[in-house]
Amino acid sequence: MGEAEPTRGMNMIQAINSALDICMGRDADITVLGEDVGYFGGVFKATEGLQKKYGKTRVFDTPITECGIIGVAVGMAAYGLRPVPEIQFADYIYPALDQIVSEAARLRYRSAGEFTAPITVRSPFGGGIFGGQTHSQSPEALFTHVAGIKTVVPSNPHDAKGLLIAAIEDNDPVIFFEPKRIYNGPFDGHYDRPVTPWAKHPQARVPEGYYRIPLGQAAVVREGEAATLLCYGTMVHVALGVAQETGIDVEVIDLRTLVPLDIETIETSVRKTGRCIVLHEATRTSGFGAELAALVQERCFYSLEAPVERVTGWDTPYPHSLEWAYFPGPVRLTQALKRVIGA
Amino acid sequence: MGEAEPTRGMNMIQAINSALDICMGRDADITVLGEDVGYFGGVFKATEGLQKKYGKTRVFDTPITECGIIGVAVGMAAYGLRPVPEIQFADYIYPALDQIVSEAARLRYRSAGEFTAPITVRSPFGGGIFGGQTHSQSPEALFTHVAGIKTVVPSNPHDAKGLLIAAIEDNDPVIFFEPKRIYNGPFDGHYDRPVTPWAKHPQARVPEGYYRIPLGQAAVVREGEAATLLCYGTMVHVALGVAQETGIDVEVIDLRTLVPLDIETIETSVRKTGRCIVLHEATRTSGFGAELAALVQERCFYSLEAPVERVTGWDTPYPHSLEWAYFPGPVRLTQALKRVIGA
Amino acid sequence: MSDQPRRNLPPLTLHVPEPRFRPGDAVDYADFDRGTAGAVARPPIDALPGGMRDHAYALIRVLDDEGAAQGPWNPRLSADRLRRMLRDMALTRAFDERMYRAQRQGKTSFYMKCTGEEATAIAAAHALDRGDMCFPSYRQQGLLIARGWPIGDMMCQIYSNAGDRLKGRQMPIMYSARDAGFFSISGNLATQYPQAVGFAMASASRGDSRIAACWCGEGSTAEGDFHSACTFASVYRAPVILNVINNQWAISSFSGIAGAENTTFAARGIGYGIASLRVDGNDILACYAVLDWAAERARGNHGPTLIEYFTYRAEGHSTSDDPTKYRSAEERGAWPLGDPIARLKRHLIVLGEWDDERHAAMDKDVAEHVRDEGRKAEAQGTLHDGLSQPFTTMFEDVFEEQPWHLKEQSEAMQAERKAAGI
Amino acid sequence: MSDQPRRNLPPLTLHVPEPRFRPGDAVDYADFDRGTAGAVARPPIDALPGGMRDHAYALIRVLDDEGAAQGPWNPRLSADRLRRMLRDMALTRAFDERMYRAQRQGKTSFYMKCTGEEATAIAAAHALDRGDMCFPSYRQQGLLIARGWPIGDMMCQIYSNAGDRLKGRQMPIMYSARDAGFFSISGNLATQYPQAVGFAMASASRGDSRIAACWCGEGSTAEGDFHSACTFASVYRAPVILNVINNQWAISSFSGIAGAENTTFAARGIGYGIASLRVDGNDILACYAVLDWAAERARGNHGPTLIEYFTYRAEGHSTSDDPTKYRSAEERGAWPLGDPIARLKRHLIVLGEWDDERHAAMDKDVAEHVRDEGRKAEAQGTLHDGLSQPFTTMFEDVFEEQPWHLKEQSEAMQAERKAAGI
Ligand SMILES: Cc1ncc(C[n+]2csc(CCOP(=O)(O)OP(=O)(O)O)c2C)c(N)n1
Ligand SMILES: Cc1ncc(C[n+]2csc(CCOP(=O)(O)OP(=O)(O)O)c2C)c(N)n1
Ligand SMILES: [Mg+2]
Ligand SMILES: [Mg+2]
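Protein chains in written order, with our numbering: chain A, 470 to 812; chain B, 470 to 812; chain C, 635 to 1056; chain D, 635 to 1056.
This list has only true hints and no planted wrong ones.
Short, incomplete list of chain A residues facing chain C, as computed with Cβ under 7 Å:
#1 LYS525
#2 THR526
#3 ASP530
#4 PRO532
#5 ILE533
#6 THR534
#7 GLY601
#8 TRP783
#9 THR785
#10 HIS789
#11 SER790
#12 ARG801
Just a sample of chain C residues kept apart from chain D, beta carbon distances all over 12 Å, derived:
#13 GLY972
#14 ASP990
#15 GLU1034
Calculated lysine-lysine pairs in the DSSO-like style (CA-CA distance at most 30 Å, straight line):
#16 A:LYS807 with C:LYS1041
#17 A:LYS522 with C:LYS959
#18 B:LYS514 with D:LYS959
#19 B:LYS525 with B:LYS514
#20 A:LYS741 with B:LYS807
#21 B:LYS521 with D:LYS959
#22 A:LYS807 with A:LYS741
#23 B:LYS514 with B:LYS669
#24 A:LYS525 with C:LYS959
#25 C:LYS1052 with A:LYS807
#26 D:LYS1041 with B:LYS807
#27 A:LYS669 with A:LYS514
#28 C:LYS959 with A:LYS521
#29 D:LYS959 with B:LYS525
#30 D:LYS959 with B:LYS522
#31 C:LYS1041 with C:LYS1052
#32 A:LYS514 with C:LYS959
#33 C:LYS1010 with C:LYS998
#34 D:LYS998 with D:LYS1010
#35 A:LYS807 with B:LYS741
#36 A:LYS514 with A:LYS525
#37 B:LYS741 with C:LYS1041
#38 B:LYS807 with B:LYS741
#39 D:LYS1052 with B:LYS807
#40 D:LYS1041 with A:LYS741
Read the hints as simulated data drawn from the structure, not as lab findings.
Treat the numbers as computed from the prediction; the structure is a model and nothing was measured.
Ideal Cβ placement from N, Cα and C applies to all residues, glycine included.
Okay, chain A solo, but in the shape it has when bound (with noise of 0.2 Å):
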């Protein structure tokens, strides 16, 4: 995990094109494809110069079937090589469900670890950029119910350069979604005021070379008494907003991996607190906060205060005018917080 200086200021995009650039220069079996990532760099630009630094053959635009791009990524790995698919956006990632779950993810099990399928797959998710109900969605709940799958969201460049190259190098299959809000700035809910790019950022300062986050551990990114504060991807940035608004000492804690979860960060905390909000963006209903409630009333009921709340999207699609309604934004947050603390 040793960090390689020196740092640069980067934002979530220079930082994942950062990791790629270093993880293509160091293994030449790693190989990225998908819709738009060749020449053009991709619709985010994630992958930008790595096609005319590396080649046609290892950087690629692949036909618009994400079906095939998973499952031909199943197919070079069970080659040798490690394939870093792009899929456009985590909307789209339905075709290639039964390739990620019924063949990614259970190939070393099914044949008993002759096959395997080091995949790591790219996806930006999440709301708040105005992209409806098409360009918004955070599926990552479907995912972690995958036995054999891990599933990551980073919240800062920094997580994001050093996750992703743990990932890549990572012998599983691993669901790599990128909360797209945040790919330029930090962003805490506040719609209405001017984003905030990632130059100041502390966690923009990004070391040049490799290092790892290794897949697992979660963050504490704010210790505090009051609460726990369970949290990934652009959520981070919210709680964080609300613990300075509100001058609630809460304890905010970024997941950075969903499975395997750092389930020892999480029980300690809620332990110390007491008490517990889960957030995220995707619908509520039997999105990964179900799991994380329900795993910390198991394994913290006699340390709980009060029932461990969600904060969430409605259990409706994202509508694309309303969007700021349906984001779980400081104000969702801020009630939930005083229900919790006064509890």
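Since chain A is already given, all that's left is putting chains B, C and D with the ligands on it; use the hints.
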């Protein structure tokens, strides 16, 4: 809901067949399609005789593309039909996921009601027949996470018929999962004992005519004081079996519909018993049990004497020869029950 | 297994297609074979697909370089009809221009033009019956416009304003207009394909006479939905027209990434035994003619038709991209099949049914119409004017009846807004 | 929109394909056109797909009715090789027979035969190099057997016993044998198709010389995976052989439900610009020849080949169905392309390289081999003998390293077993 007499002894397959027959007789818009559902009557025989009775244009075999089956059903629904597609095994529903999640589930919402998708997707699910990883899955949690879909799981012939009729008549898309292990008889998890056929089970006395069991209503199948067991499908019989074996006075709730959930019945029961176990066959992490545990602790926190426990399949694929070690049978439930009661 | 000793085999190589022209490249289409207007035969509408496979590799053209209509596919439309088609194309282009600017002005989050491809949709609206159901992609605004749907209504959808029938729920341009036989547009590519086949099958199974048609881009043909649609259409001989708009680009990927180096998109249909035609997509007479052929074929229970429209996406993919980043800026001007509006205009002039003055007057007229409708629409709000839909609409139409959890969430939202003082 | 008044149109009808023969029907294949052995030309291995489209509609045959090998596709194999192929087919059939009986005896939960289709897999094992990677469906046991994989190992997998390398995790017949270049079989149809293309692309991108091959049934070609595989294979000219076993049935659905009324399955390849061949799947010389052609083509960087093997599924789909419930029992006997073992036997006899005695001796020999291996395998347990795998194996290989939640669950399972006294 008025139940028509006379009744007849039916197993689950016969009850489902009867529901389809009655609906097709009443409404010419109902169309059955799927792999092998036509002349052959389905690999489990649920559609037997229907093609002969209603003709090939209303009951027909399809090419082997689950994506196509549901996509075509959405188009038929847009025309005004009420398609009842069969997905041969729930394990094969993933290629259709995009058409279910992005299309059927959202059509009403995105068109503000101009177009709807009154489709009932029938699919046998669950393990217990040595089907291995790809004939045993219980993917219900995935669908409960998606806004716009109802999810139904019957546990006996009487409910299967009444719920299927209600599902077919519902104007929203319904996923109707049929626990294949109990097609022929109730199963309490004692895999080493002879199979009991439905014949003498009271819930196998099924009215021959039309009746509905409304979606969204659970059934308290055993009243009790010691703990609430929330279950559906095959697990209802495991719960009832354990109640009988252990003599512990549990209340067993057969949810029947997962979305929309009958929250009232659940809350009433847990407030009374103060203890709760949720059961399902699916993998534990992010299973529907997580949602149930989250809801129960959110809404009944101050009544709970013990953490809500989850008795589920493990977080592994469903292994062929070790399927009884995977299956959450009487031993696993009894142990959990003792923990919960003892807490 | 082979028992030969392991042979000393030459290394394999991976072929990754590359477009001919990238930014900065000079564009030369000299070797482009357009075929000859009027040269392709017109099979009878009940022709067996097996007997007309060559049509998938030909290019059906009616308008020649002089603006005359040639050959057996000449649909012999009245001058009146031709003028209406011309106006529909002009109106579509003017609409696109205005909404593109509206996006640049921040009045909406997103827009997509169909510039250069207008003929494909306008021809369809004229060739199909109004009762026929269209399952479009996002680039068939021309269908709605030519079916006479109010552009003001479309603008309100784009602005997610108070007049938006879709209640601000959908991204701009994702129209739904049941009364115009226009199916709700999805953001997920090609999903409409099997849906159209299902609609057509339903219509056939009920002895109705309505047919269905669907559209997707050449890039989208790679999706599995396209394949299932073709399979179902072939097996059940569904009365459906499967339209592929080959505008040669899919965002930044050229058509070679979708397979164009080795085949045509019309040829995809051959594999299923579906009658397949390939047409000059910038020649509205040819487009009309093939659609009319396909529609009559479908109505006569002779089965589906797959049509590839060979055209060129003259503008960027959407307001979110800059095409000069991945293709030569010269391509648009050099494209050998010209512009569909200019070509129909010329034809009408050659016929003596049109002139530059009337064209200018028409342009002015459509521009004014767009401007007037635009003003009226904007009076009902634009995206960032503040939210035009009551919050509670968000919880409606998820299901026919609102279940308890959505009721609770709706109430929680109300409380949240109250707390926030909104 | 069309401005014609709504026309008085005739009603549409829905066509639902129906097989020619159902249970009880007399079977008559008199009008079945087998073509003539030796009549189809053999294109050069670098032929452009566009120049050989007719091959997708022809039927390549080498063995004529007299048992002689005819025409340009005659692979001219040594008698030794032919005898080995004959034995591999016989062994496969004997293996199938025994395992089918084992299922009937309750020793395993499930079995699937490939009776009548043996030539397709055995030919492939002989035509491909051992390093070439095979992505089979569930009916290519012949590949493993002909690659010399121990049938005892296969039996242990079927019995989920202590000798099962897959630790009882997979349903019977879902083999995995990396050392034999045999990819782990999936229960989900056609998923192996894009995987094979990916393997081939990887091999090409690394300058390796190994090619890939995949198999699926005609019914499975309808899955989207098939389409994405063909698209990728065409676009990147992947060194892959896409094999479709058209045994005319998909469980109870005849091939018309997969599209066979209007096209061949080889023709699917035409749409992508993939070289496509159609071969008599019961003629092992023809099967070998087309595979050899396709393999050389792939190795020479001339791209993929799609091959349809026209054959007949002589038995039920699996041990779970009874084919007399949906098709005429006469079909099997009447099938005009005969039995692959009988045809190769006759050829060898015609060549003077074989006789009935040697055949009987071979049959006895393979039967004994199967019986001996069967006994050894059964000595390691059968499915219901009790569980042959330690419970803890269930929690292994989900991930490379076991995360905490699986450790906990594994411990919970141990406790559960202890409580149950097991
Ligand atoms: C399932 C899915 N995958 C990816 C996308 C992202 N996407 C939107 S448009 C587009 C390109 C489509 O190109 P084409 O089909 O040629 O249509 P055109 O834009 O040229 O009209 C892509 C990749 C999507 N909307 N849906
Ligand atoms: C995705 C998926 N859908 C459905 C099935 C169920 N199924 C198993 S085999 C089969 C028939 C396949 O027929 P075909 O492809 O012709 O192969 P054959 O059995 O004839 O060898 C079906 C429908 C499955 N295994 N996977
Ligand atoms: Mg395009
Ligand atoms: Mg078959």
